[in-house]
Each structure stands twice: as C-alpha cells, then as structure tokens.
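2 protein chains.
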Amino acid sequence: MKIIHTADWHLGKVLNGHSFLEDQQYIVDQLIEVLIKEKPDLLVIAGDIYDTTYPNKYVIRLMENTIAKINLDLRIPIVMINGNHDGKERLRYGASWFQHNQLYIATELDQCLTPYIFDDVALYTMPFFTVSEAREFLNEPIETYEQAVKKLIARIQPHLDQNKTNILVGHFTLNGAPKSDSEREITVGTIEAVSPQFLNDFDAVMLGHIHHPFATPFKHIVYSGSILQYSFSEAGQAKGIRIFDVQPHEIKQSFVPLKPKHELEVVEARFDDLMNGEFERKSNESYFHFIVEQLSHVKDPMQKLKQIYPNTLSLTQQVQTSQYKSKALKDVKKMHPIDIVEKFYSEMTTEKLSELQKENVVALLEKIKGEE
Amino acid sequence: MKIIHTADWHLGKVLNGHSFLEDQQYIVDQLIEVLIKEKPDLLVIAGDIYDTTYPNKYVIRLMENTIAKINLDLRIPIVMINGNHDGKERLRYGASWFQHNQLYIATELDQCLTPYIFDDVALYTMPFFTVSEAREFLNEPIETYEQAVKKLIARIQPHLDQNKTNILVGHFTLNGAPKSDSEREITVGTIEAVSPQFLNDFDAVMLGHIHHPFATPFKHIVYSGSILQYSFSEAGQAKGIRIFDVQPHEIKQSFVPLKPKHELEVVEARFDDLMNGEFERKSNESYFHFIVEQLSHVKDPMQKLKQIYPNTLSLTQQVQTSQYKSKALKDVKKMHPIDIVEKFYSEMTTEKLSELQKENVVALLEKIKGEE
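These protein sequence lines map, in sequence, to chains A and B. Position 142 (the first sequence) corresponds to 142 in UniProt numbering; numbering is contiguous. Position 37 (the second sequence) corresponds to 37 in UniProt numbering; numbering is contiguous.
Hints listed in this document are in silico derivations from the structure and should not be mistaken for laboratory results. Take the hints with a grain of salt, since some may be wrong.
Pairs involving identical chains hold if they fit within one copy or between any two copies, as the list cannot separate such chains.
[Said to hold, decoys possible] Once the Cα atoms are required to be at most 20 Å apart in a straight line, the calculated DMTMM-like pairs of lysine to aspartate or glutamate come out as:
(1) K69 to E89
(2) K343 to D73
(3) K151 to D110
(4) K151 to E355
(5) K151 to E64
(6) K259 to D29
(7) K57 to E285
(8) K282 to E250
(9) K367 to E342
(10) K369 to E359
(11) K304 to D273
(12) K282 to E33
(13) K343 to E146
(14) K88 to E64
(15) K358 to E192
(16) K2 to D203
(17) K57 to E108
(18) K179 to E250
(19) K179 to D23
(20) K261 to E278
(21) K39 to D300
(22) K57 to E89
(23) K333 to D41
(24) K57 to E133
(25) K2 to D120
(26) K88 to E278
(27) K343 to D300
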C-alpha cells in the first residue's frame with residue numbers, strides 16, 4: 001500500500017504583510033502532479049492545513065478546490081487531522097458527507113480509539129488538542145502534553161491489531177525536534193515535547209507541526225515538514241512530501257522534494273553590493289531578508305531594493321541596537337504565552353504574578369485556545 | 001411528488017441582544033418531526049439559512065446538524081439557494097461532495113439555466129444576486145432588480161420542458177408583498193420589487209425573503225415565510241412551512257404552521273397593570289415589547305418587568321419624543337442604504353450629494369454587498 005504523507009500547508013499564511021496564496025496555489029498544483037504520477041492509495045495530511053482559525057474566502061476556496069481535485073477527481077482517499085493553527089469547526093464542517101467519498105477529517109479525541117482501516121493498515125489519528133481537552137476526555141489529572149499523549153496511547157494500545165500495520169497520525173512536538181520561527185507553541189505554560197519512546201507501539205508515525213522535513217533521527221517516526229518555507233529560519237530548507245511503501249513486514253519511506261515558485265533567502269551584504277548585484281543568490285525573485293551593515297546614509301533603502309528585488313520582505317541593519325531589538329523580539333516569539341504575560345507584568349509593576357493570578361492567566365489562555 | 005418549501009431560517013439571529021439559537025434549535029427539531037411524518041421527496045430552502053455572513057461556530061453546528069439529520073439520516077434530497085443574508089462562500093462550502101448525497105446548494109447565476117430534475121419536476125434556482133453580478137453575468141446594461149429577474153427568466157425560458165412541471169426557487173421581493181422590520185433591503189439605490197407577471201412561465205414559484213407566509217395573493221407563487229417571528233412587526237404572524245403536492249396536471253399547496261417555544265408579543269399598558277398581570281397575553285414567557293404610557297416615576301422599570309416576564313426584549317414609553325424617535329428609527333430601517341447616506345449628508349452639510357458622489361456611494365455599497 002502506498003501512502004503519501006504531508007502536513008503544515010498553512011494556507012493563508014502571511015509573512016511581513018506578504019500573502020503566500022499564489023505560492024501555495026503553485027505548490028499544491030505540484031503536489032497534485034506528484035499524486036497523479038504516484039497514484040497513492042491514501043493521502044495523509046497531519047494538521048495545520050490552514051494558517052488561521054478564520055481563513056478568508058480565497059483561502060477556503062484554495063483548500064476546497066485542492067481537496068476536491070485529490071478526493072473527487074483523482075478518487076484518492078484522504079485522512080486529515082487538525083493542527084494547532086486550524087479551527088476545528090472550520091476544518092470538520094461537512095465531514096459527515098465527505099466520509100461517503102473517503103475524505104475523513106478527525107478533530108476529536110474520542111475518534112482516537114477507532115482506526116481507519118485500509119486493507120492491512122490501521123490508521124489511528126491524534127488531532128491537536130489542548131491539555132484541558134485531554135484532561136476532560138481522559139478524566140485524569142493531566143498536567144503536560146507528554147502525559148496526555150502517553151495516556152492516550154495507553155488507551156489506544158489494547159485496540160492495536162498485531163496482524164495489521166498500525167500507523168499513528170499526530171500533530172505535536174517530538175522531544176529534540178528542531179524548531180523554526182513559524183510554529184506556534186502548542187501548549188500554554190506546560191512542557192509540550194513528547195519523548196519518542198511512547199510511540200514504540202506503532203509501526204509508523206506520521207507527524208505534523210515541525211516544519212523541518214528531517215526533524216527526527218528515526219526512520220518510521222517522521223515529520224513531512226511544511227510544503228513551503230514559511231519563515232526566514234527555514235531558508236535553505238528542503239520542502240516536500242513523504243512516500244510510504246507499506247508492506248506486511250516492511251515499511252519503506254522516502255522524501256520527495258517540491259520546487260517552490262520562490263525560495264526564502266537571507267543575505268548579509270553591504271548596501272552598495274546589493275544594489276550592484278554583487279552577492280550570491282538563487283534568484284532575483286526570491287523572498288529576501290537583507291541584513292545590511294550600514295543603512296543610515298541611504299534614503300528609502302527598502303524602496304530602492306524592491307525596485308531590483310521585488311520580493312524583498314525584510315531589511316534589517318546590523319548594528320548593536322538593531323541586533324538587540326531583533327533578539328528581544330525573537331525571544332518573545334519563542335516564549336510561552338504565560339511567560340510573556342509574567343515578564344510584561346513584572347516589568348510594568350516590578351512585582352511578580354501571584355500563583356492565583358498565574359492560574360487565572362493560564363485558565364484564560366487555555367480558554368482562548370479552546371475557543372479558536 | 002411531495003415537496004416541502006421553507007426559507008428564512010436566519011440561524012444566528014439576535015434581537016435586542018437576545019440570541020434566538022435555542023428557539024431555532026426547538027423549531028428546526030419540530031420541522032424535522034414534520035419531515036418524518038410527511039416523508040417528502042424533496043426539501044426546498046429558499047435562502048437566508050444564516051442571518052449573517054460570518055455565523056459563529058454554534059450557529060454553523062446547528063445548521064450542519066440539522067441538514068445532516070434531514071439529508072443523511074432521513075435521506076431527503078435538499079435544494080438550497082443563498083439569500084441576501086447568507087455568505088455564499090460559507091453556504092456553498094463542500095457542495096461538490098454534498099451533491100453525491102442529493103444535497104444541492106445553488107449560489108451562482110450560471111446554475112440558473114440547468115434545472116435539478118426530480119421525476120417529472122424541473123426545479124430552476126435563482127439565488128440572491130446583486131444587480132452588478134447580474135449585469136456581469138448577462139452582459140447587458142441592467143439597472144434594476146426587476147430587469148435582472150426578467151432577463152434571467154428570458155434566458156431560462158428556452159430551456160423549459162413543457163412536459164415537465166417547471167418550478168422556480170428564488171429569493172427576492174415580489175411587488176406588493178408586505179414587508180416586516182427584519183428583512184434587509186436587497187438592492188442598493190434601485191427599485192427591488194419584481195412584478196409577478198414575469199413569473200408566468202413557471203407552474204410554481206417557491207420564494208424566500210419576505211417573512212410573512214401569506215404575502216402573495218397567488219396560489220402557486222408563494223413565500224413560505226420565516227420559521228420564527230424575527231421582529232415585533234411580525235408579532236401574531238403564523239410561521240410554518242408549505243407542502244406542495246405536485247401532480248402532472250395539478251399542483252396543490254398548503255401551509256403547515258409550526259409552534260414556537262416563545263412568541264413575540266407587543267403589549268400597550270400602564271406600568272402598574274403590567275406589574276399586576278392585568279393585561280392580555282399568550283404567555284408570561286413570550287418575548288415582550290412593552291409600550292408603557294408613563295415611566296418617569298418608575299426606577300429600573302426594565303429590571304422590574306424582567307423579574308416577572310424574563311423574556312422582555314423591549315420597553316418603550318408612549319410620549320411625544322419617544323414616538324418621534326421610534327418612528328425615525330423605524331423609517332431609517334425601511335430606507336435604502338443610499339437614501340440613509342444622502343439624508344445624513346444633507347443633514348450634516350446642508351448640501352445634497354452630487355450625482356458623482358452618489359454614484360461613488362452606490363458603487364461602494366454594491367462593492368460591500370458583493371464582498372459579503
């Protein structure tokens with residue numbers, strides 16, 4: 001059985017004010033070409049199909065048209081779970097009808113225990129969930145994401161049929177996986193990474209969330225990676241899909257790269273060299289982040305650069321303060337929301353959040369996440 | 001062939017801050033009971049399923065669950081068009097899959113020309129459209145809604161098969177139909193009403209938009225009316241659905257009332273009589289609009305009334321200024337948006353809008369309507 005594994009489409013993604021919609025149309029068209037060539041028995045999409053809970057109508061149309069081509073025109077079954085960026089309600093709307101055409105959308109924890117059966121393969125789904133959702137579903141005092149995943153797998157374990165190839169589709173952070181700037185933290189105020197040891201019951205694990213396609217050292221526990229470079233920390237990273245060849249006693253897996261319309265490039269150079277084209281780059285059409293040594297003497301540098309490199313998305317100056325600011329902003333992006341609130345509170349009041357205040361903020365943040 | 005005709009569900013409707021969601025759940029459950037009893041061959045929903053372009057997730061869930069019960073559980077085919085309140089994109093999402101289960105959602109003018117065929121019945125759809133959409137589709141200089149409908153029907157006319165019963169499903173205002181306060185104007189700055197004479201090519205016309213179930217004097221050109229009373233101008237109005245019995249040479253049609261959880265009631269009385277229960281009403285649980293003669297001597301009258309009549313939604317005082325204000329507000333609600341802008345402009349500047357300004361405002365209003 002041939003399964004194609006993809007994730008993290010992030011349809012509707014905007015970076016520095018630039019919409020990736022055209023690039024996304026281009027890359028899903030390429031993905032469809034791969035599907036036509038490879039004729040898989042199943043497509044797995046491991047979450048973060050959308051970038052936001054409330055995508056606009058053009059984004060929804062891109063999603064619907066793409067899925068319709070794959071599922072209705074090419075007649076390829078699809079199993080899809082929500083990631084932390086997807087709105088569950090948005091994603092699962094229509095699912096009761098879709099399943100009649102083998103388009104399966106799993107967004108609820110109680111769907112964990114019932115696998116989708118395709119010949120000799122039993123496919124279990126673990127959509128993105130919040131710790132409080134897991135606590136409610138399991139009715140146990142869960143504190144961390146790892147605990148939740150461990151307990152959920154313990155619930156799945158008795159259902160596993162050793163005569164089948166058991167595959168898990170999930171959307172979470174594996175311990176040790178390298179992060180980029182475009183993955184939003186999954187949990188609020190708790191440790192979110194899951195140790196790979198808890199996944200040993202499965203013959204293969206197809207993951208979403210981490211954008212790097214080679215984020216794990218394992219052969220059968222893998223992220224497909226995102227379909228495009230979505231932050232400058234992903235510049236130079238290969239993007240693509242994975243093809244699984246599942247035989248009764250052997251699973252082979254390979255990465256198939258996709259070629260984007262535009263790559264992301266980070267370039268450090270002197271402004272004059274940029275203007276004269278004296279620097280290494282893949283294409284003038286790339287999405288550029290230029291880091292320039294001295295800018296203060298240049299009037300409207302961004303405008304000048306855009307005339308030559310129309311897809312310039314970011315321009316920073318390599319000076320002490322700029323570096324500091326950029327680092328501080330980067331730090332904030334990597335912090336847990338609760339830590340941001342704590343830091344802000346203590347900077348504003350010179351006092352620390354009390355335990356009660358902290359609990360209230362955590363509850364509020366979880367509530368917001370739950371409502372998305 | 002038995003067809004049940006409904007329209008104007010307005011799921012997500014809020015009146016004076018009160019959500020009708022519970023009442024809507026109650027009434028669609030009752031509608032489902034009617035469907036179970038009547039076993040129709042088809043359900044027609046003539047637009048305004050939702051009240052807003054961006055309904056919240058509870059509203060979407062109510063819609064999805066209701067339609068799933070009717071279409072997937074009861075296996076009743078459904079033909080649905082968008083009304084002026086629906087977001088087209090929202091409504092039609094998933095339609096390519098839904099049609100495999102005979103759930104047909106028509107939102108585009110080019111779908112007008114291809115009828116849905118059920119045995120001897122050919123069902124043509126005319127979803128809500130803007131005059132500029134009609135202009136673009138027809139490629140003719142359309143100025144009014146009536147012109148658009150007339151031209152569209154002229155395009156449909158050659159397709160009509162005289163050996164079939166030809167039915168039109170539409171969402172527009174018929175000339176002479178009585179309006180209530182809860183129908184939003186369909187057009188911007190043009191005459192929107194359509195003369196019934198243009199509909200003579202059809203054996204029956206099932207309409208949405210007007211909330212009154214007996215809004216036309218015709219036997220086969222009818223509004224089903226809304227499923228609930230949605231404004232105090234609809235107080236006392238029967239609400240329900242229509243059952244069509246379509247035979248090759250005869251169409252019979254009857255109205256079947258639904259019983260809401262709460263009715264809307266307008267009560268004029270002295271405050272003391274209200275407090276003592278000395279006035280006629282259907283139930284203490286009704287949604288009340290109280291019009292009281294003298295209120296100035298009463299402290300927190302609304303709070304006092306709500307203690308006895310918990311569903312009091314509106315309280316007005318019957319004095320000169322109050323009447324004037326209420327009338328002015330009512331007038332505004334009945335005005336075309338362009339007239340509101342014109343009136344506001346002239347009151348603020350003591351000048352009138354120039355023709356150019358007016359054209360720009362109309363274009364802007366149409367653009368807004370088109371983007372919804």
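Right, here's what the structure says about each hint:
no.: 1; hint: K69 to E89; result: between (22 Å within a copy, 18 Å between copies)
no.: 2; hint: K343 to D73; result: neither (52 Å within a copy, 53 Å between copies)
no.: 3; hint: K151 to D110; result: within (13 Å within a copy, 53 Å between copies)
no.: 4; hint: K151 to E355; result: neither (27 Å within a copy, 70 Å between copies)
no.: 5; hint: K151 to E64; result: neither (34 Å within a copy, 32 Å between copies)
no.: 6; hint: K259 to D29; result: within (11 Å within a copy, 51 Å between copies)
no.: 7; hint: K57 to E285; result: neither (27 Å within a copy, 40 Å between copies)
no.: 8; hint: K282 to E250; result: neither (39 Å within a copy, 73 Å between copies)
no.: 9; hint: K367 to E342; result: within (18 Å within a copy, 45 Å between copies)
no.: 10; hint: K369 to E359; result: within (15 Å within a copy, 45 Å between copies)
no.: 11; hint: K304 to D273; result: within (13 Å within a copy, 77 Å between copies)
no.: 12; hint: K282 to E33; result: neither (24 Å within a copy, 65 Å between copies)
no.: 13; hint: K343 to E146; result: neither (25 Å within a copy, 62 Å between copies)
no.: 14; hint: K88 to E64; result: both (15 Å within a copy, 14 Å between copies)
no.: 15; hint: K358 to E192; result: within (18 Å within a copy, 57 Å between copies)
no.: 16; hint: K2 to D203; result: within (15 Å within a copy, 54 Å between copies)
no.: 17; hint: K57 to E108; result: between (25 Å within a copy, 15 Å between copies)
no.: 18; hint: K179 to E250; result: neither (30 Å within a copy, 70 Å between copies)
no.: 19; hint: K179 to D23; result: neither (22 Å within a copy, 48 Å between copies)
no.: 20; hint: K261 to E278; result: neither (23 Å within a copy, 75 Å between copies)
no.: 21; hint: K39 to D300; result: neither (51 Å within a copy, 71 Å between copies)
no.: 22; hint: K57 to E89; result: both (15 Å within a copy, 6 Å between copies)
no.: 23; hint: K333 to D41; result: neither (39 Å within a copy, 57 Å between copies)
no.: 24; hint: K57 to E133; result: between (29 Å within a copy, 18 Å between copies)
no.: 25; hint: K2 to D120; result: within (12 Å within a copy, 46 Å between copies)
no.: 26; hint: K88 to E278; result: neither (48 Å within a copy, 51 Å between copies)
no.: 27; hint: K343 to D300; result: neither (35 Å within a copy, 45 Å between copies)
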